[in-house]
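J.: Using the sequences plus the hints, can you model the full thing?
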Amino acid sequence: MSLHAGFTARRGAFEVSATLDVADGETLALLGPNGAGKSTIVDVLAGTMDPSDGSIEIDGVCVDTLPAERRPIGVCFQDDLLFPHLSALENVAFPLRARGMGRAEAHGRAVELLARLADSVDPHAKPAVLSGGERQRVALARALAPEPRLLLLDEPFSNVDVSARAGLRALVREVTAGFDGATVLVAHDPIDALTLADRVTLLEAGRQTQTGTPDEIRAAPRSAYAADLVGVNLFRGLLEPLPDGAARLVTAHGVITVAPETRLDRAVSAIATLKPIDVALHSAEPEGSPRNVVHGRVGEIAIDGERARIRVDGEPPLTAEITAGSVARLGLRPGADVWASFKAVEVSVFPTEEGAAPGTLSG
Amino acid sequence: MRGRTPLPLAILAALGAAFVVLPLVALVIRAPWGDLGSALSGAGASTAFRLSVEVSLAATAFSLILGVPLAWVLARSSIPGRSVLRAVVIVPIVLPPVVGGIGLLAALGRGGVVGRWLYEAFGLQLTFTMWGAIAATTFVSMPLVVLATEAGLRSIDPRYERAAAAMGARPGYTIRRVVLPMLAPQLAAGAVLAWARALGEFGATITFAGNLEGRTQTLPLAVYQARLTDPGGAILLSLLLVALSIAVLVAMRDRITQAR
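Taken in order, these protein sequences are the chains called H and B.
Number 353 marks the last residue of the first sequence (our numbering); no jumps.
Number 277 marks the last residue of the second sequence (our numbering); no jumps.
In short, the hints are calculated from the structure, not lab data.
Treat the hints with caution; some may be incorrect.
[What the hints assert, rightly or not] Here are the in silico distance ranges between beta carbons for each label pair:
hint: 1; chain 1: B; residue 1: 229; chain 2: H; residue 2: 2; range: 57 to 65 Å
hint: 2; chain 1: B; residue 1: 174; chain 2: H; residue 2: 137; range: 23 to 31 Å
hint: 3; chain 1: H; residue 1: 313; chain 2: B; residue 2: 174; range: 44 to 52 Å
hint: 4; chain 1: H; residue 1: 338; chain 2: B; residue 2: 172; range: 35 to 43 Å
hint: 5; chain 1: H; residue 1: 102; chain 2: B; residue 2: 110; range: 46 to 54 Å
[Unchecked claim] Residues of chain B clear of chain H, computed beta-carbon distances all greater than 10 Å:
hint: 6; residue: 43
hint: 7; residue: 48
hint: 8; residue: 89
hint: 9; residue: 94
hint: 10; residue: 135
hint: 11; residue: 142
hint: 12; residue: 181
hint: 13; residue: 224
hint: 14; residue: 245
Note that the structure is predicted; figures quoted are calculated from it, not measured.
C-beta atoms are modelled at their ideal positions from N, C-alpha and C, and glycine is treated no differently.
T.: Okay, structure coming up:
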């Protein structure tokens, strides 16, 4: 294990406990709502907050008593936190200079990193003149500068407008794939966790409620929060433009029609999500013409108070959320015939290739 | 919103502006310009000018050296009684300067609480020396640096300091490379305000350091003394101070005079 951490930290009356094991080359997403304790965990891992007990090992070395400058950690902070008075180059060189590296060597390495991760950025530009996406690229370069063994990415997309996210996601994927240490990605948007992480751990009110691969968690969410957050329908496939401006996503298990925010001029690989609550169920083939109708058989039915989650085994397989009363009204039982329908506009589409949708990548 | 100004407001505003401008214009009208050369080249005037510049710059330096750490403690530490400390530290702003001078005499005068000990142990005497003038001037100027710096520190997101620490910067490096550069505009504003205040200092200086030509007689003190014997010379010396003050305003015009 590259990162092996188990600790408890207190902030006033709020207590956060975490056990995090991340292998070399692996990305663990820490997913939870605001106030769940994500920043506390980041602060403890980064060494800017002392846990009340527990310990942290990186590459088998206990770093508990090491000051921050001797911990092999690179951090990409929420809201990027680039120093406004330093140029992009000086920002990237900062963690090197802070650790005592000479100016020429640190700047040389910073130039290389900027060329690799943010080639559109003028190294001498101040952060204020950069776009949100460009700033985040510089922040990513700064995190990688000290050649860390643990990479902490704290909500790296929080300050980036939607149009720049696809490119940035692709970059983060590329960076984490090429990074040989452990990566901890903090996210409150499930799509980031589901698409970028090898494993996800859910954090609610200071406790880890579930840990597993994205597929495991989506298949069997253990809490209402988990169901809402990651119990989404997730499709992977090739996004192909249609003549009318819509597009279809061809997955290994069926085809769905979607409405991407920007026009496509070629097919690109993409990920799409659909909330179970946006899926309607029918006991007969629905009238009218919703763009997406999936015929299948009822699989598992999970009733939780007033809500019911229904698994529909069809092409593609879907999860729908309806009221418990509707289950009886529609005569749903495992094995029964069922039709699921949803509108194309309810599907959120995320191209995963950089340059996928021209004009949407502002950096 | 910009629009027509109601007449009563316009009249009062004109009166207000005239009230400020008139004394300055009157100085120019009444100045015995023929005596300009002799008044300003006189040994007294040039000595007072030099002393004023030296004392005010030294006081500004001491205000920064002592005031910035004080502002740091007020903005970032959690010591008990912090709000009391803040109130005490800025008292010199509201205190009549002559009271400050009396207080300094009681504390640092040759027979003062600490001054007696300083004199007996080191033979150090502040009263009636240039160092006394600097001490009195620092007393009234430093709170301006403290206020400006504390406001600046509060406006800096503390997450920048935590980020620097997480990136391996020791506290000293963080202060040098992150906090002070981000604080530069407020430090400059505080320093200029402190310097302007120091340049005009009168009450505390004359009370604590006395009015000794060449040692503690700064320009304001020279103006005060000249007024008794040479009203024309006093006006010319006053204009010298006006010129210095306006130079400060011009240097700081973006920060002080322009509305945002």
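J.: Next step is simple, just say for each hint if it's right about the structure.
T.: Each hint, compared with the structure:
In this structure the hint that residue 229/B and residue 2/H lie 57 to 65 Å apart at CB holds, the actual value being about 59 Å. Hint check: residue 174/B to residue 137/H, Cβ distance near 27 Å, so the stated range 23 to 31 Å holds. In this structure the supplied range 44 to 52 Å holds for residue 313/H paired with residue 174/B, their Cβ-Cβ distance being about 45 Å. Separated by about 38 Å at the C-beta atoms, residue 338/H and residue 172/B satisfy the suggested range of 35 to 43 Å.
Between residue 102/H and residue 110/B the Cβ separation comes to about 52 Å, which falls inside the hinted range of 46 to 54 Å. The non-interface label for residue 43/B is consistent with chain H: the shortest C-beta to C-beta separation is roughly 46 Å, beyond 10 Å. Non-interface call for residue 48/B relative to chain H: holds, since the shortest CB-CB distance, roughly 46 Å, exceeds 10 Å. Every CB of chain H is more than 10 Å from the CB of residue 89/B (nearest about 18 Å), matching its label as outside the interface.
Chain H leaves residue 94/B outside its interface by the beta-carbon criterion, the shortest separation being 17 Å against a cut-off of 10 Å. Distance check on residue 135/B: its Cβ is at least 41 Å (rounded) from any Cβ of chain H, clearing the 10 Å threshold; non-interface status holds. For residue 142/B, the shortest C-beta to C-beta distance to chain H comes to about 44 Å, beyond the 10 Å cut-off, and the non-interface label holds. The claim that residue 181/B is not at the interface with chain H is violated, since a C-beta of that chain comes within 10 Å of its own (minimum 7 Å).
The non-interface label for residue 224/B is consistent with chain H: the shortest C-beta to C-beta separation is roughly 42 Å, beyond 10 Å. At roughly 52 Å from the closest C-beta of chain H, the C-beta of residue 245/B stays outside 10 Å, upholding its exclusion from the interface.
In terms of the numbered hints stated before, the structure departs from hint 12 and from no other.
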